[in-house]
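Starting from the given sequences, assemble the full structure and let the hints guide the process.
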Amino acid sequence: MRSLILLTASRLLFPLLLLFSVFLLLRGHNAPGGGFVGGLVAAAALALHALAHGISATRSVVAVAPLNFVALGLGCALGSGLVGWFWQQPYLTGLWTSLPLLGKVGTPLLFDLGVYLLVIGMVAHVLFLLWEE
Amino acid sequence: MLAVAVAIGFVVALLAPWCVRRAGAVWGPRLLVAYPLSVFVLALSRGYDAAHVEAAFAWVPRFGLRWSVLVDGWSILFAALISGIGGLVVLYGAAYLRHHEHLGRFYLYLIGFMAAMLGVVLASNLLLLFVCWELTSIFSYLLIGFEHEDTKSRKSALQALLTTGVGGLALVVACVLLRAEFGTWELAEMLRHAPEWSSPAMELATIILLLTAAFTKSAQFPFHFWLPSAMAAPTPVSAYLHSATMVKAGVFLLARFYPMFQEHWLWQPVLLVGGGATMFVGAALALSQRDLKLLLAYSTVSALGTLVFLLGVATHEAVAACVVFLVAHALYKGGLFFFAGIVDHETGTRDIEELGGLAREWPSLAVAASILALSMAGILPLFGFIAKELAYEAVLHAGLPLALALLVGCSALQVAVAGLAVARPLFSPPGSLAAPHHSPEHELTLGPWLLAAASLLFALWPRAGFTHLLAAAATGIAGESGELKLALWHGWTPALTLSLVTIALGVGAFLLRPLWTTVAAQGTRWKQVGPAFLYELAVSGLTQLAAWQTRKLQTGRLRQYQALVLTTAVGSVLLALPLAEGALPGLPRNGLYPTEAAVFVAMLAGMVITMVTSSRLTAIVGLGVTGYAVGVLFLMFGAPDLAMTQFAIETLTVILFVLVLYRLPRFESRSTPGARVRDAALASAVGASIAVLVLVLLADPTPSALAPYFLAHSEPAGHGRNVVNVILVDFRSLDTLGEITVLGLAAIGVGTLMAMRGKYR
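Chains A and B supply the protein sequences, listed in that same order.
Quick note on numbering: the first sequence equals residues -8 to 124 in my numbering.
Quick note on numbering: the second sequence equals residues 3 to 763 in my numbering.
Calculated directly from the structure, the hints in this document are not laboratory data.
Covered stretches of chain A (chain B as the covering partner; in silico rule of three or more C-beta atoms under 8 Å from a C-beta of chain B):
| # | region |
| --- | --- |
| 1 | 24 to 34 |
| 2 | 58 to 66 |
| 3 | 108 to 115 |
For each label pair, taking beta carbons as the anchor points, the in silico distance ranges come out as:
| # | chain 1 | residue 1 | chain 2 | residue 2 | range |
| --- | --- | --- | --- | --- | --- |
| 4 | A | Trp87 | B | Thr743 | 19 to 27 Å |
| 5 | B | Leu747 | A | Trp76 | 20 to 28 Å |
| 6 | B | Leu708 | A | Asn21 | 18 to 26 Å |
Idealized CB from N, CA, C, for every residue including glycine.
In structure tokens form, the structure reads like this:
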């Protein structure tokens, strides 16, 4: 049962929602947002896509198994803590630097990216499994 | 240097499997001998006359954990024993286990144990001592269970681990108490100025804990049962860990704390009674054994009892006798275990009733074994004789007649045991078993020969530099230097008379053994109430308790889990409420805005719909309404982050719910009215307790230091203006890391559950 309204809306909303989730992730340090809620929004976008196009279409959009996101996210978060070791800092010390174009970046951003990816992966994994039952 | 040598041992242990694989089963072990050999030379080249701490390096500076080494006669003597006998065991093991598929693994454990044991005896830092102490227990576990496909072997390994593990726990608490009292982890500093203890209770607790650690490790009564079970290990391991070194760690520890505690009222009675009981029980049980290794194991228990007993006599003479006896025992018992291993290896049995006439087949080994047995029996002119004479003299001079009688009696039993262990298999007429017609390999006979030679030489030339080390060891224990004269002939002394009496009694006991075994057979009934039985009871009781509580708590029913978790939550709030200061606060009275009222109405409406509807979809939507209303509430009270997350979560929850909707059983009223009342009561209790909790927290007049701290430091330290996010990803990022790890695992768990669906019912 395909709904034309849903299809059209999702075509517009899916990229917008994904963009919004990245926006939430990036602004999170200074304004409401952050990796966790960003990840949830992205996962909600995937759910919308699946509602409109069917789950197999969404699977092919995601391209890899969602558990990979979980692993990648955990790796980012764990790895962000290791950076400090090169400057004799304790594990998970936040380090910041200014880069051209990007502005201020730091290891907490990498950590938040990890949270973001992990949340997407986790929700998508459960969502896909339940959907395909 | 010695600290580095210990650390290198662990590296060598890790390289051992590779070394055995590359160099082969013959040359691999020969290369590995280089480690114990170099430690042996290094240890003896230290100046050990005056106790001193060797340059150390920090391991975990924050906890005060350092590799510091306390060098004195006592630690060096032990290090020499560990590395010397260790070297022989490495060679012996190569021949004994040549065709074993896990030879590399054997050397990993063995060398690892060696390094850990060196750490125990050399450490000045109590934390390092504790770490190494536990490592010896673990390596002992691995080595006893080396034949891990054998159930008995695994069981014995676990028994040894649990028993010595109890001691390890006692030791760590004792170490913490000592640290609290002395303000340092360094043993050397504690011993240097043993002050008045701040409280007698603390001193008593420390002594009891240290005694527990030592008694379990050194298999003292009533913890002696694990040592005979540990004979499931390959014989080289029994020779090394369970007679010459590890089981002496308890004695080592007691001796280390001797100057600190020997004047305490508890010291002498516990050590005399405990050591005496162990000495007697071990010797008496040894005599009724048929298995050569068990025979030696029980006599080791007895010897360990003697060592503790001598420390309990608490005179300088007795300490010196303890040191000499320790060395004598390590030499003859290590050698006799080697011998037992050869017999087992070549004939395939260790039953002394079946063995006989081996002297004809292996004349040279028979000479070595006889020397070792004579040393064990304490007969001229061997080192065991000197040790026994010293012990007799010490107890005589201390004026303890009852103790002396016990010591003589147990020594007599040891004479009989020595006869059983060696004379029976070597010289009795050949039994039903046909003896093998080839001699054991040289690598097997090297150990017994060297140890027999040492037992003879140390007795014949006691002045050959060796007495000096023994005297230094006694000084290291007692803190004051005394004279140590080792001589085979003292003239006709009371001790010599006692020695003759001992030998006469021992020969008598040997001849009367058949009678003894019948008595012992009658006594097997007593096993049912012995310490080993109590151990079994405790272990099986623990597993039964675990099974019972698992059955009760893990019912597999979601509703019961929820009920349990929620009841616990309510209960803990109720318990904590009386701790809140002042009276319970009332409801705040600042009125309700119409907007707020509208949100509350929506929330309530959602709840009511969920409860009364007969359609599951409606119930889910009702829940969603309540959730969104909560989100709006967050927004109204200035928590946009929370509100956003709540909205996203609610959306996804509703979607997930809808997805599982059709796989759930039909939505009908399945619970009885009684259960519904109970659930309603529980739900209301949860809501009420959370409300009370919030009110109490809000009424707390003391301002929290956290909120201003985070507000002030968020931007300068965390480079972010969103305090919530800065806390999550910077200030408390370790917490977040834990949480997302749980999330990831939950995802995997859900996947597994889905995959297993329908397979288990």
